[in-house]
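Let chain F serve as the given structure and place chain D on it in line with the hints.
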Amino acid sequence: MKQILLITDGCSNVGLSPIVAAAHAKAEGIAVNVVGVLDHGDAGESGSMEIEEIARAGGGISRMVHTRQLAQTVQMMTRKTVVQTIQLAVQKELKHVLGSGAIEDLPPETRSEVVRVMDELGESSSLQVALLIDASASMKPKLIAVEEAIRDLMLSLQARQGKSEIAVFHFPGGRHGEECKMDLGWTDNLTGAQSIFPKLQMSGTTPTGPALMQVIDFYRQGDYGRRSREETDGMMSDYVV
Amino acid sequence: MTTSFRISLRRGTVVTGKWKRRKYRVERLLGEGANGKVYLVHSDQGWVALKVGADAVDLQSEINVLQTLAKQGRRQAPAFLYDVDDLQGSDGRDYPFYIMKYVRGVNLSAYLLQNGKEWFPLVSLNLLNKLAELHSKGWVFCDLKMENVMVADYGHVELVDYGGVTAVGKSIRQFTEIYDRGYWNAGSRAADLKYDLFSFAVLCIQMHDPKRLHQLTLTLLPQNRSTEDLEQLIATNASLKPIAGWLADALAGRFADAAEGAEAWRMLMHRTNRKQAAPTPFWLKGLVAGSAIMLAVSVYWLLRMGM
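Sequence order for the protein chains is F and D. Residue 26 in this note's numbering is what sits at position 23 of the first sequence, and the numbering runs on without skipping anything. Residue 62 in this note's numbering is what sits at position 61 of the second sequence, and the numbering runs on without skipping anything.
Okay, chain F solo, but in the shape it has when bound:
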C-alpha cells in the first residue's frame, strides 16, 4: 500500500495544480492525505478548500488541525487510509462474488467474517508512506511539531506486523530550483537524535503540485528497484514536470 501525506498550511502558488497532481497519484495507486496545520486560522477559506480538494482527488482524507494535535491526527489518518484502501479492494472482490460491494449490505454474520479478514490484512500488508512537508516561511514555527509527528508515526508503524517504511520530503527544494528535496529515503527506523530537517532555508513559494509530482515519480523509480540515495537525488533533479 502506498500513501503520500502532505502537511501544509496554505495555498500553492507555483506550477501545476496540486489537485491535478493528486489525481495523478490516485491513478498510480497512491492515496493522498492532507493535513492543514493552522494555528491562527492562517490557511484561510481558499486554503482549506484546496486542502479538501487535494485529498478528494487523491482518494485520501483531509483534516485541519492545531499544531498540538498534529501527531495524533497523522497517526490516525494513516491508519484510516490503510483501512480504506483495503476496504476498496475488498469491495471490488465482493462485487464479483455477491453483486453488491458495500460492507453495510452484508448480513451481520458475513460482515463479521469479512471485517476479520480486513483487519488481518490491515495489520500484515506492507505499507509505504511518503511525507511531503510544506517548508514555506509560514511553516517554520511548526516544523518542530511536524518532526514530532513524523517520529510518532514511525513508532506506530513499527508496531505493525507488516513491513512499514516512511520517506520524508520538503518543498520548495532550495537553491537549485528543485521543486522538492528528499530529507530521508525509505526507512523503517528513526532512532538517533539528529534532526530530520537540519538546516532548512525557508522560501516564499509553495509549489505543492510540482512537489507532489516528484514524490509520485520517486515511487515509480522505487518500483524499478531501489537506488542509492545520491543516485535518486540526481535523477530527481533532472526531472522536469
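Read the hints as simulated data drawn from the structure, not as lab findings. Positions of the beta carbon are idealized from the N, C-alpha and C atoms, including for glycine. Just to be clear, a hint being listed does not mean it is correct.
One-sided excerpt, in silico: chain F residues whose CB lies under 7 Å from chain D [what the hints assert, rightly or not]:
hint: 1; residue: 107
hint: 2; residue: 118
hint: 3; residue: 119
hint: 4; residue: 126
hint: 5; residue: 151
hint: 6; residue: 158
hint: 7; residue: 162
hint: 8; residue: 166
In silico contact screen, one side only, chain D against chain F (beta carbon under 10 Å); selected entries [as the list claims (entries may be wrong)]:
hint: 9; residue: 56
hint: 10; residue: 59
hint: 11; residue: 64
hint: 12; residue: 65
hint: 13; residue: 86
hint: 14; residue: 91
hint: 15; residue: 95
hint: 16; residue: 99
hint: 17; residue: 122
hint: 18; residue: 170
hint: 19; residue: 177
hint: 20; residue: 178
hint: 21; residue: 220
hint: 22; residue: 222
hint: 23; residue: 223
hint: 24; residue: 224
Below, chain D alone, put in the same frame as chain F:
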C-alpha cells in the same frame, strides 16, 4: 480522535433492527467512544446499552473482539453482547449497532470525588483484577483512561468501551496520548500486557495530581519526555509516594501482566495498612515511661520503708 459523526437518537425513539427486527426504545445518551455513541435503551429484557457507529468496518471489528471474548468466557465473564444489527437513521442511511449489558455507575474520577480518596486502593485493585481477566485470555485493553473505567457501589469496577482492545502482538489502534507508553518514550506501540500496566500507573498519577501531570505535557519537549519525569512527580506527591515503588515497576514494565501487578498491589495495601496501625502514639510512649518511673519510685520507697 473521535470520528465526526452525525447520527443522534432522540429520547422515545423506537429503534428496529434491520435484520432481526428486535425493538429498542431510546432513553438517553450515556457516552461517546471513538467508534460511536452509547445510549441507554429499553428492550423486552429490561435496560440495556446500545452502541451505534458511523463506520460499519470500525464498529464490526469492535464487535468481533466482543464476540471472541464472549466465546472465551465460560461462566465468569459477563455477557457482553446481546444483539448485533443495523438501524435506519433519520437521514435514511443505515447505521450498525450492537446491544450490550448496561453498566450502572459513574466514571472513576467522579466516583473518587463523590466517595472519597479512601476508596482508591480498593477500586484500583478491582481494576487490576479486571485487566488480569482480559490478560489471561491474551487481550490488551490499550485505551485505559478515566472515562473508560466505570465504578458502581462499594468499588465494583467495569471496563467500558472495548474499541481499543487488541490481541497481544498486534499494533495498538486506539490510545490516548498521556496514557500511552510511546508518548513517554518508554516503549513500543505494539500491544503487550505491560502496556496496560503503564497506562494504569499514569491513571494513578492522573487521579492524585492531574494538574502537575498536565503541566508536564505542556512544558516537556517531545524527545525529552521520559518516565523519570513521571517518577519525579510521584516522589513529590504525598499520596503517591507510598506506592512509588509499585508505580516505578509498572512504568518500567517489570510486572509480566496485570495479575502479577494485582498481587504486588495487594501486598502493598496490607503493608501500608499495618504500618498505619504500627506507630505507637506519643502519649502512650509517655504513659509507659511515666508508669515505669512511678514503679521505680514506689519500689525504692517500699524498700526503704521496709528496711
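Chain F contact restraint for residue 222(D) - C-beta distance below 10 Å:
Status holds, d = 8 Å.
Any CB of chain F closer than 10 Å to the CB of residue 95(D)?
holds (5 Å)
Interface hint compliance - residue 220(D) to chain F, C-beta minimum distance less than 10 Å:
With Cβ-Cβ at 13 Å, over 10 Å, it is violated.
Taking 7 Å as the limit, does the beta-carbon of residue 118(F) come near enough to a beta-carbon in chain D?
holds (4 Å)
Closest C-beta approach of residue 178(D) to chain F relative to 10 Å, hint status
Holds - the Cβ of residue 178(D) comes within 10 Å of chain F, reaching about 6 Å at its closest.
Using Cβ atoms only, decide whether residue 65(D) comes closer than 10 Å to chain F, and label the hint accordingly.
holds (6 Å)
Per the CB criterion, is residue 107(F) less than 7 Å away from chain D?
holds (5 Å)
Interface hint compliance - residue 119(F) to chain D, C-beta minimum distance less than 7 Å
Holds - the Cβ of residue 119(F) comes within 7 Å of chain D, reaching about 6 Å at its closest.
Closest C-beta approach of residue 59(D) to chain F relative to 10 Å, hint status
holds (8 Å)
Return the status of the interface hint for residue 126(F): holds when the least beta-carbon distance to chain D is below 7 Å, violated otherwise.
The hint holds - residue 126(F) has a Cβ within 7 Å of chain D, the shortest such distance being about 6 Å.
Quick check on the hint: residue 162(F) CB to chain D CB, less than 7 Å?
Holds. Min distance 4 Å.
Identify whether the interface hint at residue 151(F) stands, where standing means a beta carbon of chain D within less than 7 Å of its own.
holds (4 Å)
In summary, the numbered hints that this structure violates are 8, 14, 17 and 21.
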